[in-house]
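**Q** Sequence:
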Amino acid sequence: MKQTLQNRFPRRWLLLAFVLNFAIAAAALLPYMIRDGGLLLVAADFDAEQLSYNMLCNNAIKSGEVLWNWRIDIGSDFVSSFSFYTLGSPFFWLSFLFPASAFPYLVGWIYMLKYAVAGLTSFAYFRRSASEKSALLGSVLYAFSGFSCINVVFYHFHDVIALFPLLMLGLDKRMQEGKKAPFLFAVTINALVNYYFFIGEVFFLVFYYITRYLFGGEDARPGADLRKNARKIPACILEGCLGVGMAGVLFIPSIAAVLNNPRVSDHISLSQLTFDWPNYLQMLRALFFPAENMFNFSAVVHDNWYSIAAYLPLVGACLVLAYLLRWKWDWLHVLLVGLFLVAASPVSNSLFVMFTSEPYRRWYYMLVFLLVLATIKVLDHLQDYPWRAGCGISAAVIAAITLYLYVKRDTIVYRKYWLVVLTLIAIGGVALLFAALGGVRRLRLRRPMAALTACTALVAALTTGFTVGTYQRAYTQTIGLTTTEIYGDVIHSGDGLPDALPYRYYFWEPYSNRGMAAYLPDRTSFLSTLSPSIFTLYDALGDERHAITPAGPEGTNELLSVGYYIRNNSDWPDEIYTSFSNGHEQINVYQDSHALPIGFCYDTYMTRSEFDEIDPAERAHSMLKTLVVADEDEATVSTILRHYDAALDGEISQENKFADMDKRREACTDVFDYGTDYFYSEITSGSEQYAFFSVPYDKAWSATVNGESAKILNINGLMAVKVNAGKNCIRFHYSPTPLWCGIGVSAISILLTAIYLLAGRRSRKSKKEVL
Numbered sequence: 025m026k027q028t029l030q031n032r033f034p035r036r037w038l039l040l041a042f043v044l045n046f047a048i049a050a051a052a053l054l055p056y057m058i059r060d061g062g063l064l065l066v067a068a069d070f071d072a073e074q075l076s077y078n079m080l081c082n083n084a085i086k087s088g089e090v091l092w093n094w095r096i097d098i099g100s101d102f103v104s105s106f107s108f109y110t111l112g113s114p115f116f117w118l119s120f121l122f123p124a125s126a127f128p129y130l131v132g133w134i135y136m137l138k139y140a141v142a143g144l145t146s147f148a149y150f151r152r153s154a155s156e157k158s159a160l161l162g163s164v165l166y167a168f169s170g171f172s173c174i175n176v177v178f179y180h181f182h183d184v185i186a187l188f189p190l191l192m193l194g195l196d197k198r199m200q201e202g203k204k205a206p207f208l209f210a211v212t213i214n215a216l217v218n219y220y221f222f223i224g225e226v227f228f229l230v231f232y233y234i235t236r237y238l239f240g241g242e243d244a245r246p247g248a249d250l251r252k253n254a255r256k257i258p259a260c261i262l263e264g265c266l267g268v269g270m271a272g273v274l275f276i277p278s279i280a281a282v283l284n285n286p287r288v289s290d291h292i293s294l295s296q297l298t299f300d301w302p303n304y305l306q307m308l309r310a311l312f313f314p315a316e317n318m319f320n321f322s323a324v325v326h327d328n329w330y331s332i333a334a335y336l337p338l339v340g341a342c343l344v345l346a347y348l349l350r351w352k353w354d355w356l357h358v359l360l361v362g363l364f365l366v367a368a369s370p371v372s373n374s375l376f377v378m379f380t381s382e383p384y385r386r387w388y389y390m391l392v393f394l395l396v397l398a399t400i401k402v403l404d405h406l407q408d409y410p411w412r413a414g415c416g417i418s419a420a421v422i423a424a425i426t427l428y429l430y431v432k433r434d435t436i437v438y439r440k441y442w443l444v445v446l447t448l449i450a451i452g453g454v455a456l457l458f459a460a461l462g463g464v465r466r467l468r469l470r471r472p473m474a475a476l477t478a479c480t481a482l483v484a485a486l487t488t489g490f491t492v493g494t495y496q497r498a499y500t501q502t503i504g505l506t507t508t509e510i511y512g513d514v515i516h517s518g519d520g521l522p523d524a525l526p527y528r529y530y531f532w533e534p535y536s537n538r539g540m541a542a543y544l545p546d547r548t549s550f551l552s553t554l555s556p557s558i559f560t561l562y563d564a565l566g567d568e569r570h571a572i573t574p575a576g577p578e579g580t581n582e583l584l585s586v587g588y589y590i591r592n593n594s595d596w597p598d599e600i601y602t603s604f605s606n607g608h609e610q611i612n613v614y615q616d617s618h619a620l621p622i623g624f625c626y627d628t629y630m631t632r633s634e635f636d637e638i639d640p641a642e643r644a645h646s647m648l649k650t651l652v653v654a655d656e657d658e659a660t661v662s663t664i665l666r667h668y669d670a671a672l673d674g675e676i677s678q679e680n681k682f683a684d685m686d687k688r689r690e691a692c693t694d695v696f697d698y699g700t701d702y703f704y705s706e707i708t709s710g711s712e713q714y715a716f717f718s719v720p721y722d723k724a725w726s727a728t729v730n731g732e733s734a735k736i737l738n739i740n741g742l743m744a745v746k747v748n749a750g751k752n753c754i755r756f757h758y759s760p761t762p763l764w765c766g767i768g769v770s771a772i773s774i775l776l777t778a779i780y781l782l783a784g785r786r787s788r789k790s791k792k793e794v795l
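Note that this note's numbering has the sequence shown beginning at 25, numbered continuously upward.
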């Protein structure tokens, strides 16, 4: 039997796994697409981030703006900004074949493809340990698990879900068959797709290797293959390094940027050993109840975005419990118990989420993968496992949680109707599973696995479809727009507007990334992977930035050269520059006649220490008034600029804002040009001064003034250079060293990989000839 399972299986089963999972996804998503004329919108991050990100990347690559991109907030490195979301995804490159404007109509079909690929890759792995029929069911359980369901709002997560099984399959082929290429290329693919998830996957693979290949096995004899498999560790590490190296073009610049990103540099404290009770209750519900939308849970917590879900459609945790109740203590048993313990503590949980302080459970897709494996192992050998006890315990846990929530209904139950629906699905799944497996003597199915797979597919389609629907309903009720109106609001609120640089646009709120969708230089964004210097700027202004650009104190727009304000109403002091409809409402564009271009000069300065003493409400005004330099740069600047004196230069205040802007306009950019690796400004100055540019500081920038090299000062995360009296031709050049290193490492790794694989092939051929 074991030998049979290891043989190459018919390709028709692979095709069946692909088609079945595609069909389930189509059943879940097509009703919404048909209703909305081919569009797929879900809610929140999906509508505001995923649509605009993919459209911006499509436009950026086709226009060649792939180094520094001026349409990402006030400017950011393109590769490190979007390697987390799009650039390493094969599904993105499929959409790249079409115009950016087509993406909202393509995304539904690509989503179906992601589900289908998840089913295909997981089936390929599961088939090595189970029958075709069980593996087919397992592919549905994995592709449509509660984790996939709750994260339908995070489109890019599904790239990871779809391609993670290749890592597991590749490692098994390496260890069991000695095939190097599958593991090597699986590492490359996953490292390219998402560096953040990949780091968690590395920790998972280490645990998997130790439990399965060093201290465990199918026969539950720890250490039986310890020596043989331990000798393979150096080769696996080498192949893993080559795989990561081939992905270096994205992986290296991404890691270099993320190390300076405050959202991930805020690490967890080692003292956080346990979660609170609501977290543990959520984790229990994640295993035994279908997933919900994270906008508004039915119970325990009202909302959070931690992705706490691991439910297997219909079967839940029934057969996982049966597997554990056998007390076999093989590698899978040990690894499952170990992962449950890891999940129970914030410190160990952070292993899989880059040690961040946020208690994300975005690694649960790997736990789900093992839950599915345990489930299908039981299905293949029902007589060896106490599956009835597993169903009984599951029913008892569901009942106990429901009873607890009923008792606490006035304090922790938020949507009673939906809680009842989820409970009925959960308990109904247990009952159906019990009946299908022969628990009801009068019900003897001729094809129990076919019936179970059909029922599971139906539940998967319903739960996924219902979750999309509840996301849509919650979001549309929150913002007061229909899904098609949201489409017009996000996609068409910047239609036809010209490039404004050296000025920027400012949309009426930053959440929806309208500027990105229209490929415009927008002052704001909803993006957390942009230039670290942008975070530095808002920290300095006293208005901390997280995922969304804050408005900043009064004067921030003027400091950052906002020349056009885009509003969905007429409540604005400036005259209307132009108007148009986004499909459901009129959009007005207002031009600020007082706006400063990117690039203006100062003849006074203050130090950062002095700046920090100013009321945060006046800090943007102070940056308009005088150049704020780092304390260590004072000696350099003081030879050119005079120290700011309130008596001579006027007080820092809202009342003096326009006077300060007029002063800056005396020596500002007359000519401006830019590209993906440079920008150019001509400024005529009456004396030696410092020219300030509201472009994020980065070590990759270098500058020349009139052809001579100039030192760039870091001004609260932005840039300034010394200019001379008279005309100044200022040129900044952008050369991202991490990207060039990444390209070089990728090229070298590809060459070394080819040599390594060819050498291995010749070695095997020589051994065969000797034999």
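To be clear, the hints were calculated from the coordinates, so they are not data collected in a lab. Accuracy of the hints is not assured; some may be wrong.
No farther apart than 20 Å at their CA atoms in a straight line, the calculated lysine-lysine pairs in the PhoX-like style are these [what the hints assert, rightly or not]:
| no. | residue 1 | residue 2 |
| --- | --- | --- |
| 1 | K252 | K203 |
| 2 | K256 | K203 |
| 3 | K735 | K687 |
| 4 | K256 | K197 |
| 5 | K687 | K751 |
Listed next, with one range per pair, are the computed distances between beta-carbon atoms [unchecked claim]:
| no. | residue 1 | residue 2 | range |
| --- | --- | --- | --- |
| 6 | C265 | Q407 | 40 to 46 Å |
| 7 | R36 | Y428 | 44 to 50 Å |
| 8 | G493 | E690 | 44 to 50 Å |
| 9 | D434 | A575 | 36 to 42 Å |
| 10 | Y601 | Y304 | 52 to 58 Å |
Every residue, glycine too, gets a C-beta built ideally from N, C-alpha and C.
**Q** Against each hint, give a clear statement of whether it holds in the structure.
**A** Here is how each hint holds up against the structure:
1. Of the supplied pair hints, the one linking K252 and K203 holds, its CA atoms being roughly 16 Å apart against a limit of 20 Å.
2. Only pairs whose Cα atoms come within 20 Å are accepted, and K256 paired with K203 is accepted, the gap being roughly 12 Å.
3. A hinted pair counts as satisfied when its Cα atoms are at most 20 Å apart, and K735 with K687 does not qualify at roughly 24 Å.
4. Only pairs whose Cα atoms come within 20 Å are accepted, and K256 paired with K197 is accepted, the gap being roughly 13 Å.
5. This hinted pair checks out: K687 and K751 have alpha carbons roughly 18 Å apart, not beyond 20 Å.
6. Separated by about 45 Å at the C-beta atoms, C265 and Q407 satisfy the suggested range of 40 to 46 Å.
7. Distance hint check for R36 and Y428: the Cβ-Cβ separation is about 47 Å, which falls inside the suggested range of 44 to 50 Å.
8. The beta-carbon spacing between G493 and E690, approximately 59 Å, falls outside the hinted interval of 44 to 50 Å.
9. The hinted range of 36 to 42 Å is satisfied by D434 and A575, whose Cβ atoms lie roughly 38 Å apart.
10. Range check, Y601 to Y304: about 56 Å between beta-carbon atoms, so the 52 to 58 Å window is met.
Checked against the numbered hints given earlier, this structure breaks hints 3 and 8; the rest are met.
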